[in-house]
Amino acid sequence: DAGVIQSPRHEVTEMGQEVTLRCKPISGHDYLFWYRQTMMRGLELLIYFNNNVPIDDSGMPEDRFSAKMPNASFSTLKIQPSEPRDSAVYFCASSFDPGTREQYFGPGTRLTVT
Amino acid sequence: GQSLEQPSEVTAVEGAIVQINCTYQTSGFYGLSWYQQHDGGAPTFLSYNGLDGLEETGRFSSFLSRSDSYGYLLLQELQMKDSASYFCAVSGGYQKVTFGTGTKLQVIP
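Protein chains in written order, with the numbering used here: chain A, 459 to 572; chain B, 34 to 142.
If you are wondering where the hints come from, they were derived from the structure by calculation, not from laboratory data. Mixed in with the good hints, there may be bad ones.
[Claimed, not checked] Simulated restraints, written as ranges between beta carbons of each label pair: (1) A:Ser516 with B:Asn54: 25 to 33 Å; (2) B:Ser36 with A:Thr558: 21 to 29 Å; (3) B:Thr56 with A:Asn509: 30 to 38 Å.
From a predicted model like this one, the values you see are computed outputs, not experimental measurements. No residue lacks a Cβ here, since even glycine has one placed at the ideal position from N, Cα and C.
With the sequences and hints as input, model every part of the structure.
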């Protein structure tokens with residue numbers, strides 16, 4: 459398997475623009491997670507899905523952020539409008555093991571909002 | 034809520050042994066995991082402890098004491114490539130995992 463796939467790998471956009479990050483989880487994994495990582499706040503869980511259904515979105519910073527998972531092989535994280543403080547690395551991860559709860563992370567999307 | 038504490042930085046000599054501690058406060062605790070992240074890379078899973086005791090995987094071992102809300106990651110025979118950040122993470126309800134702030138390990142010759 460190719461692992462978790464994220465696109466784009468880098469995104470530079472201007473304040474106020476809409477940003478859409480994409481993720482393809484590992485086939486067969488039934489959990490999908492979106493994280494944001496910054497130096498100041500570390501690795502924060504934004505939202506996670508189980509079988510395409512959002513389970514916990516309490517980490518989503520505000521209404522400007524939204525996430526969808528229309529099917530088992532695709533998820534998006536959208537920021538509209540974007541702000542400079544949204545600049546971070548956004549990771550998508552998937553998992554299936556209820557024992558170890560091991561999460562497989564994608565390579566991340568480095569977002570810069572100017 | 035959940036909170037984890039781990040040292041922010043550790044320096045150790047190549048070939049030596051280093052221990053990274055993690056204490057946590059959480060509700061609905063299922064287990065403690067450890068992840069490694071190299072600069073510019075993604076976190077990768079190292080180990081999981083669901084029960085008290087020591088789990089060994091090659092040069093890495095992880096320990097958990099549920100009664101003390103404490104765990105550690107032990108790295109033996111340190112190599113330069115072990116220089117990275119190490120995160121402890123607690124598992125709660127469903128598959129939710131909360132990560133600590135990470136310990137940056139620098140291995141020096």
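Next on the checklist: When the structure is checked against the list of hints, which entries are broken? Sort them ascending.
Outcome noted: none
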